[in-house]
Every structure is written in structure tokens, then in C-alpha cells.
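Guided by the hints, dock chains E and C onto chain A, whose structure is given.
Residue numbers (the working numbering), protein chains in the order written: chain A, 7 to 161; chain E, 5 to 172; chain C, 89 to 565.
In short, the hints are calculated from the structure, not lab data. A portion of the hints provided could be inaccurate.
Here are a few chain E residues that face chain C, going by a calculated C-beta distance under 8 angstroms [to be verified]:
(1) L36
(2) D38
(3) G59
(4) D61
(5) T62
(6) V82
(7) H84
(8) L92
(9) R95
(10) P115
(11) N118
(12) M158
(13) V161
(14) V163
Fair warning: this is a prediction, and the values are worked out from it, not measured in the lab. Glycine included, every Cβ here is placed at the ideal spot set by N, Cα and C.
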Amino acid sequence: MAPATPQGFLTTTLQKAVNWARTRSMWPATFGLACCAIEMMATGAAHNDLARFGMEVFRASPRQADLMIVAGRLSQKMAPVLRQIYDQMPDPKWVISMGACASTGGMFNNYALVQGVDQVVPVDIYVPGCPPGPQSLMHGILTLHEKIRSGEIVR
Amino acid sequence: MSDAAFDTATPAGALLGGLAEHFPGAGFTTSLGDPVVRLSREDLAAFVAAARDAGLDTFIDLCAVDYLSRPEGRFEVVVHLLSMEARLRLRIQAAVPGDDPRVPSLTAVFPGANFYEREAYDLFGIRFDGHPDLTRLLLPDDWEGHPLRKDHPMGSVPVQFKAIEGMP
Amino acid sequence: MSNPPDIVTGDTEAPAFGGPQAAPPGASGDDARRRTHDLWLSGTESPGEMGRFTSEGAQEMLAEEAPSILAAQMGSLAGDDYTVPLATGEGDTQIINMGPQHPATHGVLRLQLELEGEIIRRAKPIIGYLHTGMEKTAEALTYVQGATNVTRMDYLSHFFNELCFSLAVERLLGIEAPPRAQAIRVMMTELNRVSSHLLWLASQGLDVGALSMMLYGWRERELFLAFFEKVTGLRMNHDYIRPGGVAADLPDGWEDDVAGILDKVPKGIADYQALLDANPIFKERTVGVGVITAAECRAFGITGPLLRAAGVAWDLRRAMPYSGIERYRFDIPVGSGGDVYDRYRVRIEEMKQSLRLVEQVAAAMPAGDYRTDDLKVTPPPRARLDQSMEALIHHFKLFTEGFKVPPGEVYQAVESPRGELGMYLVSRGGAKPWRLHVRGPSFANVQALPVMLADSLVADTVATVASADPVLGDVDR
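Bound conformation, chain A alone (with noise of 0.2 angstroms):
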């Protein structure tokens, strides 16, 4: 991956340094909605623990938050509201989109759901499922990780 501007050995290892540090301690904001928010509390709870990768806190104030998983159907009402939480996290934030409801609106492609959250936010990471299982947020949120290290996602 080449950098977009000639960086100098210590600006590189700082960046490295910044990314590493954003991905050991990603705290969530609560945006469960459906399903997907039962999974989502499972993978945070004790068997498929989050709090080895620094991310048990999740928090219901946007404001402490860098990672919002949308976890369930986003209905039309619901759709503003997404878009102020995610106004009110501050920078750097990504958003991974939890389930086939979140992603693309799932089985329901009726007048009720927005067709995937990406309409309202800009998504990171899709993570396919009906509900998606423990294993599979976990690998979706490590992927954000690695993309994050990497220098793939830049914020």
C-alpha cells in the first residue's frame, strides 16, 4: 500500500502506532434494533466474549462510542434517528451493518424497511446472516480491525 504523500519513518510508525491503538479499545454504541441485537449481546456476553479485543463497554451515549453496529431492520421511522446517533459519534467512527436487514433489508423488501442502512450511513463492513452468529459479527469486527491496521480504511 502506498501512501498518498511522502511520509517520513516516524509519521508512518505513528500512524501504524494510531491505528493499532483505535483497534485494541473500539467501543460500541448500543443501536440494536431486532434479532441482530440479541446476537450481538451474546457476542458480548461471557461465552463469545468481546472483551478480549477491548469491546465489552458498549455504550448507550453516541458521544463515547467510535463503532456503531446497526444490528437489526431499520424502518422508515427509525431511519433519522440512526442518522443523529451516528451525527453525534465523534471522528474516527466506522459502522458495521449486521445482518441481511442492515445490509440490504433482508427478506423484507416492503414500504416499511429502509433497503439497507447504507442509504443513511456509510458502512464499513457488511456482515451477512439471519441472524448472523457470534462467530461471524466476531470475524466481521476483526476484519474491520485488520482493515484498520492495515491502513485500508482511513479516517
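Then chains E and C, alone, in the frame of chain A:
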């Protein structure tokens, strides 16, 4: 169905028989073993109040159905009541014409009918006269249309499959 | 008709567990006032200043960060997004908003509260943030596909949704599932009841402050989900109980798995009881809180643990049994106070009774078919598809076109962990329902939250909402 068809020895039969006496215009039938009564919409509130006083005091459900073209009326409001003591469920149906979809509200009889009537208004456009707060419940306040009507489209978006450039 | 009548109870039932909570300071001592709630009319839930941040609501993403957003994040543009401007209310009341994104509202429930100090004068639940149009979707899916849709409504009790739907369709068809299928259905639904109550217990503990309950509560639930995955292929949203029977037979070794569950889970429940039953902080926060009486339950259509905690011994499994459940012995726990603590006790006991049921079903599981042999409904066995063209055509027609159900209507109810889950199904003779209306128990329970919250403290909101165990998928559908 005449009153003689009710087995007044059982509490359920006695309850229904009593109601049938007070409302001679009501049509009592059974559907797959469940007692059903068909009313005109004007009698709905009075009948439900009488049913509550007779023992059907648990409000279970209120919903609407859109039959599109039906001689007695396009919509139907269906109320389900339950009597725990008599172990009786009663389905009450009232036809509502499509050009004048108004029904008296049941919130004075059962406060629990509040949200159900708002939902029926929201999804079907049936107005409940006397409802204290008839506004949309499930859809955003500025939504236009009543989605569960049969002439309202599903609202699906076409799913696009785009070929990836450069791949065979 | 301007206001609904006051709901005044005849006799206030004394709570069996613990005494009534002392009235909070400033609350009216009048019992009749305690029982009423004013209907809070719409128009007060304006989105506030949200319009300034999103140009067209949901459908258009901002191309770049608007300066107002940056200013809001930097704190130089303070705005409280959900308060009503010129906070209206008589006297010293303040209107605050709880949700829809909130850690303690069990999903996307929005509660608008009018507070006088810390006491709630009025409450208004605003729902619809999870409306998925499932009833409209049901009209576009065949009866074979219908279970996939309904299973996602109450997303903690999947088997109950599927069972209710399957029973309704079977009544319209005039068929009955074979005894083995019925027994499997009972076993899976009762296991689901325990797993749903475990999640409720975890979230109730979390909401009240017993954080360890949240971490422990998932421990036993994983056992159930692993078993469900073994039997149905999925941890949640199983689509297992279908009209005619179940989708597949129980796998080999299921008796050992059930025995393992029956061995470990009671120990877990005993742990949780030791943690919470006599815990003075838990009792302080739950006894006398969120009270609803039996008469109010009937008026609002509240069933399930809330009704039983209020003293009414009504359980559909006993009163209007289904799927052969009358063959098994189980007790129905009944409380007396109608408060949060009684609901806790009722649900703990229900878990034990459900495990007792599972033990009986597992011991007496009949042999036989796991789905009806009525060819109209059941696809041919998988192996025959390789041999017989007719079987292939039959399979094809069943899974593309579906089977036609004779015209008629039916209301079928089951006792789900939250109360009476009912489905009103209207068929006009086609392969798809004409109308499927789902009577969700949480819909009625959420509607009665203002009654439960009248004149209580703000802190009690969380405990009360948790005890009502709402699942917003059921409420909004």
C-alpha cells in the same frame, strides 16, 4: 342461528344466549368451532359494552381486514373478546363500507382498544369516532397512504444485479 | 367522548411478597389517583431540531459534513434534540424523552415522560420504530414460507410464533400434526420459554443494577441455543415448526443434550435465585413498583406473567390447551401483588415448570412421523426425489406454488412467554393468506405502561419496562 342453538346449561352458552336476546339483529354463527357474531357497525360499541358486562371482560384484539370488493362493505373490523371464567372466546365482526370508513370507537368500553384502533387507522384508514387520539401509530406521522389496504403496493424496490466489469 | 373512564379497582390485593412500597414524597396519597392516567395526546413528540441536521430525513446521505453538525459535535451548538421546545407542562413539570435509542428500553421503544421532579406524572409510549410491514409481507408469502416471516416477529420466542401460525393453518386445513410432531413442538416451545425467560432475567438484572445477572444469564441460554442449532440448524429464527408438523426429526443424541440441559439449568436458576430473591437492593427496587391490578389487566388485554403476577391463574396451556400439552403435568405460578417482584417470582417458577414439562416430554416422546402424511401439505421424502418423477413434481409444486388452504378464518392463540400470542388468519382459498393479523402480547403490555408508571419514580421506569418484557418486534411487527 337461533337462541335455541345455545346450550344455556354451560356458562358460555348462557352468556351468548343472553347477548343474542338483547341484540336480535346480530347474526351468531360458528367458524371452525369458534363463536362469531356479525353486527352492523352502529351496534358495535353497544354490543361490546354488553358483552363486557355479561362476562367477556378481557379485551384481546381488534383488527381490520380489507376485502376489496364485497357487497356488505369493503373493510371489516374484527374484535376478539375473552371470558376467562366461561373459557369463551367471541369474535365480533362489523362490516365497514369503503367510501365511508368510520366505526364507533371502543376505547370507552375497553381502554385497551386505544392502540389497536390507532393501528387500524394507520394501516387501513378506518376512522374510529370518539377515539381520543386517532393518529398514526406505527408509521411516521407524515406518511401518506394506508399500507395494508389491498390496493396499496408492497413498496418493494427492484433488486439489481450488476455485472462486474472485466469478469466473464 | 373526550377522556376514557378512570380505571378504579374494587379491592387492592395485598402483595404476598413484601409490603407495599411507601408512597414517594410528593405523590398523591389518593388510591384512585394512583390508578388513573391521562391520555397524552399526539402532537407533543415533534422531532425537535433533527431537521437541521439531516436535509431530507433518511433517504439522502450528506455529501459532506455540514458545518452545523461539526459545531454540534464540538459543543458550540448545543441543542437538546428531543425535548419539546418551551418545555410545556403545567407547573414545574418537565417533559423528557427516553429512547428510541436507549440502553434500557429493550429495543426501540420511545417513552415520553412528564416529570415533576423525579415523579412521573404522565407517560406515553411511542412505538413504530421497528415496523417491518410483516403483516403485508405475509400476504405475499405462501403458507410454506409463512413461518419464516412470523418467526421474526417476537424475536425471543421463535417457536411460539411458528407454532401459532402452524396451528392456525392446520385448523383451516382440518388436519392435525402426528403425536411425535406435537410432542416435539411442546418440547421446543417449552425450551424456548426458558431461554426467553433467561434473557429477560439477564436484562431485568442489568436494568435494575445487578450487572452480574447480565453476564451470568447468557451462560445457560447458550446451552439452549446450541441445542436449537443442533435440531433446527439455526440459533434463532428457526423456521422449524411448519404447518403439518416440524421440518426435520430430532437428531441422534438429542436425549443426552436435553438431559444435560435439565441437569445444568436448574443449578443456574438456583444461583440466580440466591443472587436476587432476598437481595435487599433488588427488593427495594422491585417490590411495590409498577403495580397493575387484575381488572386493569383485563381492560388492557394483558396476559401472561403480568396477569398471573396480578393474581389471576389464567394460562392458555391449561385453559385452552393445544398441541397435546394437556397430557403433561405442570403447575401455574400465580402472584398476588402485581408488582415487578411478583413478576420476577412468577417467571422464575415458570422456568422450573417448563423444565419439568420438558423432562416429561423427553421421557415419553412417541415414535412415529415428524410430520403429517397428508400429501397435500407434506413434501415427499428426500430420497424419493431421485427415484420418482411424480415426487419431484410434487416437491416442486409444494415449494414454489404452495398448497391451497380452503376459505375460512381462524383465531389461534398460544401462551408465549409474554402472554397470549394470537394469530387471526383469513384465507380466501389461495396459496397465500388473504390477511394475517398477529396479536402480539407485548403490544398490549406496552400500551399499559402509563398505568404501571403513574406516580412512580423515574428510576422505576426502567424496572417496570424490564418486567413487562416487551419485545418490540411483537409490538411493531
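Against the structure, the hints come out as follows:
1. L36: holds (5 angstroms)
2. D38: Holds, about 6 angstroms.
3. G59: violated (11 angstroms)
4. D61: holds (5 angstroms)
5. T62: holds (4 angstroms)
6. V82: holds (7 angstroms)
7. H84: holds (6 angstroms)
8. L92: violated (10 angstroms)
9. R95: holds (6 angstroms)
10. P115: P115 (chain E) check passes; min Cβ-Cβ to chain C is 5 angstroms, inside 8 angstroms.
11. N118: Holds - the Cβ of N118 (chain E) comes within 8 angstroms of chain C, reaching about 6 angstroms at its closest.
12. M158: holds (6 angstroms)
13. V161: Violated, about 12 angstroms.
14. V163: At 15 angstroms from the nearest chain C Cβ, V163 (chain E) fails the 8 angstroms test, so the hint is violated.
Going down the numbered hints, you'll see the structure goes against 3, 8, 13 and 14, while the others check out.
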